[in-house]
Amino acid sequence: MTIELKKLTKRFGSLTAVDAIDLDVGDGEVLCLLGPSGCGKTTTLRMVAGLEYATEGDIYLQGARVNDLAPRDRNVAMSFQFYALYPSLSVAENLAFPLHADGLSRAEIEQRVKRISDTLQLDKILTRTPGQLAEGEKQRVAVGRSIIRDPQCFLFDEPLSRLDVQLREEMRGEIKEVLQDLSKPTVIVTHDQLEALTMADRIAVMRDGRIEQVDTPHNVFQSPENLFVAGFIGTPQMNLLPATLTGTNGHGTADFAIAGGQSMTIEVDPRIADLAQGANVTLGIRPRNLEISHDPAPDGISTKIDIVEPMGAETLAHLSDGQHDLRLVADWRVPLSEGDQVHTRFPPGATHVFTENEQVLRSAP
Amino acid sequence: MAELATDNLGTQGAARGGFGAWLLDPKRRGALLVTPAITILFVMNIFPLMWSFGLSFFNYKASSPRVPSFRGLSNYERVLTDDKTWERFQTTAVIVGSSVLLQLIVGFLLALMFAKAFPLRRIVLMLVLTPMMLSFVSVGVFFKLFYEPTFGIVSYVMNLFTTEKFVMLGSPAGAIAGIVIADAWMWSPFVMLLVLAGLVSVPKYLYEAAEIDRASSWRTFWTITFPYIKSLLLLAILFRTIETFKLFDIVYIITEGGPGSSTETIAVFLYRNAFQFFQTSRSAALAYIVLFIVIVLTNLYLYAVNRRAQEAN
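Protein chains in written order, with my numbering: chain L, 1066 to 1430; chain E, 610 to 922.
Think of the hints as simulated: they come from the structure by calculation, not from any bench.
Ideal Cβ placement from N, Cα and C applies to all residues, glycine included.
It cannot be assumed that every hint is accurate.
What the hints assert, rightly or not - Taking lysine-lysine and the DSS-like style, the derived pairs with C-alpha atoms no more than 30 Å apart in a straight line are: (1) E:813 / E:725; (2) L:1071 / E:693; (3) L:1072 / E:813; (4) E:813 / L:1241; (5) E:839 / E:725; (6) E:855 / E:693; (7) E:813 / E:839; (8) L:1241 / L:1179; (9) L:1241 / L:1071.
Unchecked claim - Far from chain E, by Cβ distances over 10 Å, these chain L residues were calculated: (10) 1266; (11) 1291; (12) 1356.
Claimed, not checked - Chain E residues, not near chain L, derived (Cβ > 10 Å throughout): (13) 646; (14) 653; (15) 667; (16) 687; (17) 726; (18) 741; (19) 743; (20) 815; (21) 843; (22) 871.
Please take these sequences and the hints and turn them into a complete structure.
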């Protein structure tokens, strides 16, 4: 482990911004801290950089405890949300700035600047000052400045948040390419799940100062451990339907009663058998997994189509049974029209069951 | 009088006729409103300015009933060839130079101090700003008393170290120092305000980035801090130079230009010539030379302001 956080806590007065988190990032691994604003992800990053003191807990870089070291002594590279380019220096001087502390020769500095500017296609703008740069160029310079030296780890604070959508897509690929060449642990803070899903080796989903789940992008999406992660990851949002367990029939098939009088029998995790009859649960299903039919079926509920939003290759439909709203994404060829009565179907294995304490259904401890 | 209560006072009145109504017509109401200000400005400022400019080409003495005669540029010639004038300009330059330098140093250090948070910062800041808000006359009187050889505080403190009587204003150098200190005491807070404005406008993340990039404090200052305050520093220098160039009250109260003429600034010299020796035309000529210099400085100042505005965009 090259970045290791143990019970790391940060309090600002009575507010606990980061609450005893444990996390580790390996060499060459890209970890994304993902969460809504105010969840403590930036504070965590700043504690690793040394810009905030940890109230409690330990931070280890390459095995050494660095809690009491100033940022300059931690040898970390960081790129800031607002890029923090030095306005009075040219792009080349900005890139060279972190190298001065190493006492490198002028030739060595020039060579490194050249290498970075070739990689990030900055060679045409080397003599400009930050004020004359476009947002995307500033962003590339900020990344270049952080990767020009050989630090213990790389930290990126919302690297793409200031770019427009098109540029963001472009830069996501570019950064991913750059990151793959770095054999150092990298932490990226972002509130954009697409950014996290595409760039990260692992994602740590944070809420209210706690880590809700750390896993690969695939697992975070496919097997959310709790309601928050289920609702936070994925667009459109996962459908979350409150229900009561009324019976189990073996092999994971169970009956649920939905508020409003409807009921359905669907196939879920076999551990459903561990739950008591009458347990309150939340059923989660991705809009893309939900199916519809025009004939009534036991494995779903009947709904009315409220709104239809064509999204190009797919169509998003908002369904309602009078009490709950469900989102459905279907191929654009599926005919959907507003006001139609349709029956939803929950295919076997597509539904996640969350127990009353908001955790995904697990074997009884 | 229901009509008068309406907004359309002028037109309503015009329909009834009469001079007051004619005057209040919306067409000339605006002009009417600025007339008093313009009149006062003309009588008190513009006319005397032009009149004195005219006088500078005659040989007028305010104390003599003689009819003045036209002398062309001879007043300007005499003023500019007079060694005394150049001496006074030198005195002024020494005072301006050392006072502005001192203000910059003190103001800068104060700004660095106030840029950080510390207990009672607001109250201390308010106290430090007080000198700027005093009148020149009171500052002059304060320092005259401070420097007083028998009971002044400066002399008292100096007497703790030497047995000799300390007369601050007794030597030319001491007198100049006395004036420079008084002026710098009064105006360093002004420089501080300007520099402070620059310091607090530096985004905090730039310092954080420099810390991450392991920059020395020296490099951090020159790369990050200085670019943010340099145009404000230029403004402070120009503004204080223009102001100190006209310095009169403090000098006149503390030293009256003495000892000899060693602290006689151009403004005091001008006052003496005009109102003690009544060389009205010659002083008018000198005053226009001073005005010309101030206008040049002011334009430099405006240029600096505009450049800063452009940089901000």
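Hint check results:
Distance hint between residue 813 of chain E and residue 725 of chain E is fulfilled; the C-alpha atoms sit about 12 Å from each other, no more than 30 Å. Taking the CA atoms of residue 1071 of chain L and residue 693 of chain E, the gap is near 79 Å; set against the 30 Å cutoff, the hint is violated. Among the hinted pairs, residue 1072 of chain L with residue 813 of chain E is consistent with the structure: their alpha-carbon atoms are about 28 Å apart, no more than 30 Å. For the hint linking residue 813 of chain E to residue 1241 of chain L, the alpha-carbon distance of about 29 Å falls within 30 Å, and the restraint holds.
With a CA separation close to 19 Å, the supplied pair residue 839 of chain E and residue 725 of chain E stays within the 30 Å bound. Among the hinted pairs, residue 855 of chain E with residue 693 of chain E is consistent with the structure: their alpha-carbon atoms are about 17 Å apart, no more than 30 Å. Using a Cα cut-off of 30 Å, the hinted pair residue 813 of chain E and residue 839 of chain E holds, with the two alpha carbons roughly 18 Å apart. Taken as a hint, the residue 1241 of chain L and residue 1179 of chain L pair is honoured in the structure, with Cα atoms around 21 Å apart against an allowance of 30 Å.
Between residue 1241 of chain L and residue 1071 of chain L the CA atoms are separated by roughly 28 Å; this keeps the pair inside 30 Å, and the hint holds. The non-interface label for residue 1266 of chain L is consistent with chain E: the shortest C-beta to C-beta separation is roughly 23 Å, beyond 10 Å. The Cβ of residue 1291 of chain L lies farther than 10 Å from every Cβ of chain E, with a closest approach of about 34 Å, so its non-interface assignment holds. Every beta carbon of chain E lies more than 10 Å from that of residue 1356 of chain L, the smallest distance being close to 49 Å; the non-interface claim holds.
Listed as a non-interface residue, residue 646 of chain E keeps its Cβ farther than 10 Å from every Cβ of chain L; the least gap is roughly 43 Å. Interface exclusion of residue 653 of chain E from chain L stands, the closest Cβ pair being 46 Å apart, more than 10 Å. At the 10 Å boundary, the C-beta of residue 667 of chain E stays outside the reach of chain L, the nearest C-beta of that chain being 55 Å off. Non-interface call for residue 687 of chain E relative to chain L: holds, since the shortest CB-CB distance, roughly 50 Å, exceeds 10 Å.
Every CB of chain L is more than 10 Å from the CB of residue 726 of chain E (nearest about 16 Å), matching its label as outside the interface. With a least beta-carbon separation of about 30 Å from chain L, residue 741 of chain E lies farther than 10 Å from that chain, consistent with its non-interface assignment. Every CB of chain L is more than 10 Å from the CB of residue 743 of chain E (nearest about 38 Å), matching its label as outside the interface. With a cut of 10 Å on Cβ distances, residue 815 of chain E falls inside the contact zone with chain L, its closest approach being about 6 Å.
With a cut of 10 Å on Cβ distances, residue 843 of chain E stays outside the contact zone with chain L, its closest approach being about 15 Å. Against chain L, the non-interface label of residue 871 of chain E holds: every CB pair exceeds 10 Å, the least being about 44 Å.
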